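> Here is how the chains run, residue by residue.
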Amino acid sequence: MKRVLVLLIIITVLFVGDSLYAQAKFNYNEELKDIRKDITTLNLLNGLYLNKQQLQQYLVILKKSKASEDKAQIDFTRYSNAEIMAYRKLRNELITKNSSSEPTAENARKINETVKSLKESYEAQFFQYEQQLKSILSQNQLVIVSNYKPCLIPPKSFSDPSRIGQANDSERLEQILTRLRSIPKDVYLERRDYFFEDHYLDKYEKKIKKLTPQEEEQERKRVYGLLDKARSLSDVDFSIQKKQLATELKPKHGDEGPLKKNELSNLGKVLLNPNMIPVVEQRIGQMK
Amino acid sequence: MNTPTNRREFMTKSLQLAVAASLGTLIINEQTSEVFAVSNNYYKKAFFYQKLNNKVVKCSICPNNCVVNPGKRGKCRVKENINGEFYTNVYSRPAIIQLDNVEKAPLFHYKPGLKMLSIATAGCNLSCKYCQNWQFALASPEQVKSFDLTPLQVVQKAKQSGCNSIGFFYTEPTVFYEYMYDTAIEAKKAGLKTIMVTAAYINPEPLKHIAAYIDAFTIGFKGFNEQYYNNVVGGSLEPVKTALKTLRGLNKHFELVTLIVPTLNDNMTEFKNMALWIKGNLGSDVPLHITRFVPEYKLQNLPATPINLMNTAWQTAKSQGLKYVYIDNLPGHEGQNTLCPKCKRNLVMRVGFKVIKNDIRNSKCPSCGSPIKGLW
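One line per chain: the protein sequences are L and A, in this order. Under the numbering used here, the letters of the first sequence match residues 106 to 393, in that order. Under the numbering used here, the letters of the second sequence match residues 27 to 402, in that order.
The following block holds chain A by itself, in its conformation from the complex (with noise of 0.2 Å):
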């Protein structure tokens, strides 16, 4: 700490430290021991940054690879240079906090019915127009309600409402990385299993950080194209596919989900490709789900996907060979059931995210003794 020179210098420093002590919140320059007060404890250290010259600090969570002045945040909005130390603002800081099934998620092939309490802040890597979130997504923390919950409460909360699950679910939780960091610990310790729904915008060394934590991902792989990634999602397309790889290699549970949006990633060529993409580098048994646009946030002029092209999409994913294909958003489809990709048995019959029937026994079909990719 710098030695205060006078009596007034000395008084000012004494009052910070103690309304800085008594709001719970002090962060110490470690370099030039200096003292800042932060006026709640929302405050965390980030994981993943390097302090660069003159303060200047460069996130290294994902590949928008922000360089954050000091006083300033990343793209995200949640993170924060302190005078060249790089903070989360979102920690133990939930926006969202509610129950629902792991359908929801969409996951179909793990623990059907599984009662999840999903938690998300406000603050998003990605700035898709067509975000059905983006009152907490596009907004800063300041923007919007927030309850207090450490992760150790969210692991409480979740226990008391029998859930058996923690889902980081509805924004981005790639930018609460060290908040969902923390809770995943809590959960794994008191038996829990947690999920991540994420757009996989995230660099392979976190990915596989957080990965050691999670059981399971839904992951929004929103189009085939460089240009629908730079001009709709905000984002860019290679690092989506080097995370997906990089999860394939981690053997962790996952699944896809791909929303059409008339006009701008509904050229059937292009999904073509990427059916035949994702069996070749991620394998033929990875659920897709193909989930139907209505019009929200800045895309309201657009009509919702029409019908017979999310008929169209199921199709060409199915027939370029990839054995487990979902329509998400059209009740009363069959395209909600798991059929045994051998025989075609009707295994699993949902409407909309419940679970109406499931005849899956040991994970195999019980017809013709098929696996069932998935965990049961």
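Just chain L, with the same shape it has in the complex (with noise of 0.2 Å):
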């Protein structure tokens, strides 16, 4: 009996501590996600210098955003236990009866229009506050936020100040361009492998799209050929001509698209943040 009771303890120990450890994974996630979004929108905002009436005007608007982000969630976990039991039903009728019955299949139906439905309208409003939110911004505040391309710890760099919050276009690769030319050619050629593998198709493949085997080898032979040019330029060459090749060196993006209905920007994306909240209203309280 003693030991079917510690047993059972072991047992429990185990399963709860799992079940913790899961949680407390997933708090750790959550809890990043949200810090480095916070970084992101700061470094954003930080750039911006918004003046008073500004941040006052984005404080209501956090505020709005904060509340239909707190309805949603209500909204949405309401439906949720709903969609559930609606779509297990139907995967069970398909498990064992190969199809679903027309009640089943409409309920299920019903079910994903009204949370479809949900969503657009949620969808809706924030485009909405985006729209309020570009209405406060500066033209020129919204070229910048345009080119905004979020990095967690930027450089210090003057070299264009209009990067603010992120890191310099190039001067990393630049950097890197440099240092290729100045290693012995059996060296580089290794480092040229390392750099096309570990830091070009990496990012490439992370940021755009996975590669076919005839596009890799075309980037490898495109990359290839800007190493060896810059490796093969004069002192005076390279110095004019580096910035160009590091911009050249960038994975390209391709062209994206018009933004889908309601979709948001990276203006909403970024500043939409409801825990910038309080940091707005303190800096309001600091400003005279």
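I should point out that these hints are in silico values taken from the structure, not numbers from a laboratory. Please read all numbers here as calculations on a predicted model, not as lab measurements. C-beta: ideal position from N, C-alpha, C; glycine also.
Covered stretches of chain A (in silico footprint by chain L; criterion: 3 or more residues with CB under 8 Å from a CB of chain L, positions within the stretch not fixed):
hint	segment
1	121-135
2	366-380
Going by beta-carbon spacing under 10 Å, a handful of chain A positions derived as facing chain L:
hint	residue
3	Lys171
4	Phe173
5	Leu175
6	Ile333
7	Asn334
8	Asn337
9	Pro357
10	His359
11	Glu360
12	Asn363
In silico DSSO-like links for lysine-lysine, alpha-carbon gap of 30 Å or less:
hint	chain 1	residue 1	chain 2	residue 2
13	A	Lys171	L	Lys290
14	A	Lys370	L	Lys239
15	L	Lys239	A	Lys383
16	A	Lys305	A	Lys278
17	A	Lys380	L	Lys355
18	L	Lys239	A	Lys368
If you follow the hints, you should be able to join the two separate chains into one complex; please do so.
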């Protein structure tokens, strides 16, 4: 009896412990995601230099956005149980009967449409908030936001002050090119391969798309050509051309096309962050 | 040349001449015909200096007016007394060569978007405690990696790179005067514009001499307080004011840039007086750029200029009647745009160094027809 009890306790601890661990890991991931998002927002916000009036207007929009988010959370939670039950029933019928009955399908369809409609309604709301945000920023600020590419810890650089809160377009690559010029040929050929595989290709496939073998070969040729050119230039010509070469070395994003209906642009995605409410309130308070 | 008195002396002198000839540079003392060899082509006879007794020279390019003993250099580190003659040691020896837009100078009223090949050598005749390019400006030429580029080659590189202008930028071009001068002459022959970005710490005669070949200037008008100029900049205010008035008299295009450094030159009464002086002596249509200080070099203990102080300075300058006042280093700020001084239409929109739109037509506002100062 004692042994059974001990065994039960061990199993419980393992099970609960595993769940706790999974929960902790989930919480950690969520918290990390939140923190990174906040840093992205702050880097942009700090670089925009909003005046007091803009901050006040921004705060109003943030609060409205937060209220909508909270309501959306409640609504979607309310429907999630109904969704699970409806789709579970649909799945079971597909497993056991190879097809779904009309009432089950109709029920699943209704739930799907309701949730879809709810989603579209909230998307439209957030899109409106983004338009309101747009109206409080100056033209200059909107240009900066549209070019904004998030960077966690942007290096200090004076070469392009409009790239606020983010890494300079090409400085890092210029440094790499400078180093590649100074090493012996056999080391360079190794480094060239490493650069392409680990630096360029990796980034390309993460940010743009996976390349087919032919596309990869094409990109390899292009990148090698640029690196070889950087090495072959005189010091003077390299000094003049390095920025251009570095820019050409960045993976090329294709044309993403127009945004879908109610899809948020950079502006909404980055700035409609409810965690900024206390930050903005504090900054308004500090301003005269 | 001193006549050798024995075979040994003859052989020594011949060897010296042969080495010097192979290295490309001979310096001949015009009075004694004594020959000195220097080991590279960076030396060239300096402009604007006087010979004093005992082979001492006095430089008169800038208000430092250095008195330099034989074998020594001036305060700028790039002018050298070799046996009683004065030489630049950075001729054709740039340490910086790069492509820029003219807006980076900053020049906002001169051919927006103009592409510029910028060059600079080591050295400077001032010693600003906030210098952003101190690794070059406050170094001797031997301490920095340099390139070999003659004035003609500079022009050729500019054209190859698609540039319509050459900028003497990043370090103080007054100190590489001879190189700048010859390069500017070549640039004019090739139809390129020339831009000098300077602290205007230069004597009137050299300024007039170089101004004949420079199309536009950006002047660092660093403050309006002699003590600030002495302690923080390492110079003096009055010669800068004289240079500015000289430039005004020459009818050259120039724009001013002032860095606001917290606790050191952020007194708004002083700034107001500076704006009044500019209006009274240079004209209300001289563009003034107010730049935000960020911690650098010997002033890393100071904070960046607060935004509200930048805004105050901006408003102060405008309220004193200056028509074109800009805020730099605050991208996204409306102070980067050019407004019509009469109807306030936003004529030129800029973000950082990029021109986003330019509505000026025939140097006038398209709405009210007011002339807009500059070369558009």
